[in-house]
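**Q** Sequence:
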Amino acid sequence: MGKRTALYDLHLAAGARMVDFGGWDMPVGYGSQIEEHHAVRRDAGMFDVSHMCAVDLRGAGVRPLLLRLLANDVDRLTAPGKALYSCMLRPDGGVIDDLIACYLDEKWFRLVVNAGTADKDLAWIKEHAKQIGVAVVPRRDLAIIAVQGPNARAKAMPLLPEGAREAAGRLGSFFGTSCDEWFVSRTGYTGEDGFEIALPAEAATEFWNGLATAGVACCGLGARDTLRLEAGMNLYGNDMDETVTPLESGLAWTVALEGTRDFIGKAALEKQRAGGPARKLTGLLLLERGVLRSHQKVFSGAGAGEVTSGTYSPTLERSIGFARLPAAADGTVEVDIRGKRSPARLVKPPFVRNGKPKIEI
1 MGKRTALYDL
11 HLAAGARMVD
21 FGGWDMPVGY
31 GSQIEEHHAV
41 RRDAGMFDVS
51 HMCAVDLRGA
61 GVRPLLLRLL
71 ANDVDRLTAP
81 GKALYSCMLR
91 PDGGVIDDLI
101 ACYLDEKWFR
111 LVVNAGTADK
121 DLAWIKEHAK
131 QIGVAVVPRR
141 DLAIIAVQGP
151 NARAKAMPLL
161 PEGAREAAGR
171 LGSFFGTSCD
181 EWFVSRTGYT
191 GEDGFEIALP
201 AEAATEFWNG
211 LATAGVACCG
221 LGARDTLRLE
231 AGMNLYGNDM
241 DETVTPLESG
251 LAWTVALEGT
261 RDFIGKAALE
271 KQRAGGPARK
281 LTGLLLLERG
291 VLRSHQKVFS
301 GAGAGEVTSG
311 TYSPTLERSI
321 GFARLPAAAD
331 GTVEVDIRGK
341 RSPARLVKPP
351 FVRNGKPKIE
361 I
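For the sequence shown, my numbering begins at 1 and goes up steadily by one.
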């Protein structure tokens, strides 16, 4: 039996199919994964993402700690509530985890880390935090619900506590606001607008049911995966991990190498950038019938690689994926699907953004 979120019994009552994900029993879907996907692209859907771990870092040394731990530069965060996406790296540049960091004040930052890596993340952060007196507080008392889609914010805002409602309505993209124990951020993992809402676990069921009454569709991890892949967003453990760097994972834009800041992994990334990464992560569009899946072999004129993530795209009605290939790979490649080599075209993600195709079919 895995760990369970505050909404576990509600998922069972709704007929969700449960699976193990990062050690948690989570809903993969409530019926039709494609209908759940389209609900987010066309209207609004909600996801229980309470398996993700919110971590509060408190103390005068929080900013110096994150300047050291994160490849992105938290000195860019000066407005309260502003957030950024970053990787946390090993000294050799391998990705320990990808996360969101949000600045609340000079003595309080909040991180949201992945479920499957939370324990090692916390151990790594605490090891460095104790040297400068920063408190590391995992917030397992909170549930997290993501509400995503073109109508998501409008449907969610009336259900927020009165003190959070007005502030949430003013939020810019990648900003958050705190109201008592509720935390609302205009972030997501779908390529659509919406909120990710951390709230007391005991309030989660009432809030979820209120969203359902407002016409927000229940969505599982299956739809979340097709949505994030269409949006060109990496999945830790598939598209990057401790064996690859951000420069090999399509995440160079999250790395701030300029200046004198010495973050963990910087020297390794500078060396790799100077020599040119040998591999890259690129998008794939399958040109024939079939479905791309992780670990399928990919053959290019520059050498072989493999699919890291693959799925059928309900929006494009085509199979799409990511592949890690030699840096010189270009144009058309072949993917081994059940012993048959099928042609695919290399494309630059995202595939879909705000419900609209971003690549030529």
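Think of the hints as simulated: they come from the structure by calculation, not from any bench. Check the hints yourself; a few may be wrong.
[Stated by the list, open to error] Derived DSSO-like pairs (lysine-lysine); straight-line CA-CA distance at most 27 Å:
#, residue 1, residue 2
1, LYS356, LYS280
2, LYS297, LYS340
3, LYS82, LYS130
4, LYS120, LYS107
5, LYS356, LYS266
6, LYS130, LYS120
7, LYS3, LYS107
8, LYS82, LYS155
9, LYS3, LYS126
10, LYS266, LYS297
11, LYS266, LYS126
[Said to hold, decoys possible] The following label-pair restraints were derived from C-beta to C-beta distances:
#, residue 1, residue 2, range
12, ALA267, ASN354, 33 to 41 Å
13, GLU360, ASP92, 31 to 39 Å
14, LYS107, VAL19, 34 to 42 Å
15, PHE299, MET1, 24 to 32 Å
16, TRP253, LYS297, 52 to 60 Å
17, VAL19, ARG341, 25 to 33 Å
18, GLU360, GLU127, 46 to 54 Å
Just so you know, these numbers come straight off a predicted model, no measurement behind them. We treat Cβ as the ideally placed atom computed from N, Cα and C, and that holds for glycine.
**Q** Look at each hint and say if it fits the structure.
**A** A quick look at each hint next to the structure:
Note on LYS356 and LYS280: the hinted pairing holds, with a Cα-Cα distance of about 26 Å set against a maximum of 27 Å. This hinted pair checks out: LYS297 and LYS340 have alpha carbons roughly 11 Å apart, not beyond 27 Å. Taken as a hint, the LYS82 and LYS130 pair is honoured in the structure, with Cα atoms around 25 Å apart against an allowance of 27 Å. The suggested pairing of LYS120 with LYS107 holds, with an alpha-carbon distance near 23 Å, which does not exceed 27 Å.
Restraint check for LYS356 and LYS266: the C-alpha separation of about 36 Å exceeds 27 Å, so the hint is violated. Restraint check for LYS130 and LYS120: the C-alpha separation of about 16 Å stays at or below 27 Å, so the hint holds. With a CA separation close to 31 Å, the supplied pair LYS3 and LYS107 exceeds the 27 Å bound. This hinted pair checks out: LYS82 and LYS155 have alpha carbons roughly 23 Å apart, not beyond 27 Å.
Distance restraint check for LYS3 and LYS126: the Cα-Cα separation of roughly 23 Å lies within the 27 Å cut-off, and the hinted pair is therefore satisfied. Of the supplied pair hints, the one linking LYS266 and LYS297 is violated, its CA atoms being roughly 31 Å apart against a limit of 27 Å. For the proposed pair LYS266 and LYS126, the alpha carbon gap of about 20 Å is at most 27 Å, so the pair holds. Checked against the hint of 33 to 41 Å, the pair ALA267 and ASN354 passes, with Cβ atoms roughly 38 Å apart.
Checked against the given bound of 31 to 39 Å, the beta carbons of GLU360 and ASP92, roughly 38 Å apart, stay inside it. For LYS107 paired with VAL19, a C-beta distance near 39 Å keeps the hint of 34 to 42 Å intact. At about 42 Å, the CB distance of PHE299 to MET1 disagrees with the hint of 24 to 32 Å. With their beta carbons about 28 Å apart, TRP253 and LYS297 fall outside the hinted range of 52 to 60 Å.
Hint check: VAL19 to ARG341, Cβ distance near 31 Å, so the stated range 25 to 33 Å holds. For GLU360 and GLU127, the hinted distance range of 46 to 54 Å is satisfied, since their beta carbons lie about 47 Å from each other.
When held up to the earlier numbered hints, the structure conflicts with 5, 7, 10, 15 and 16 and fits the remainder.
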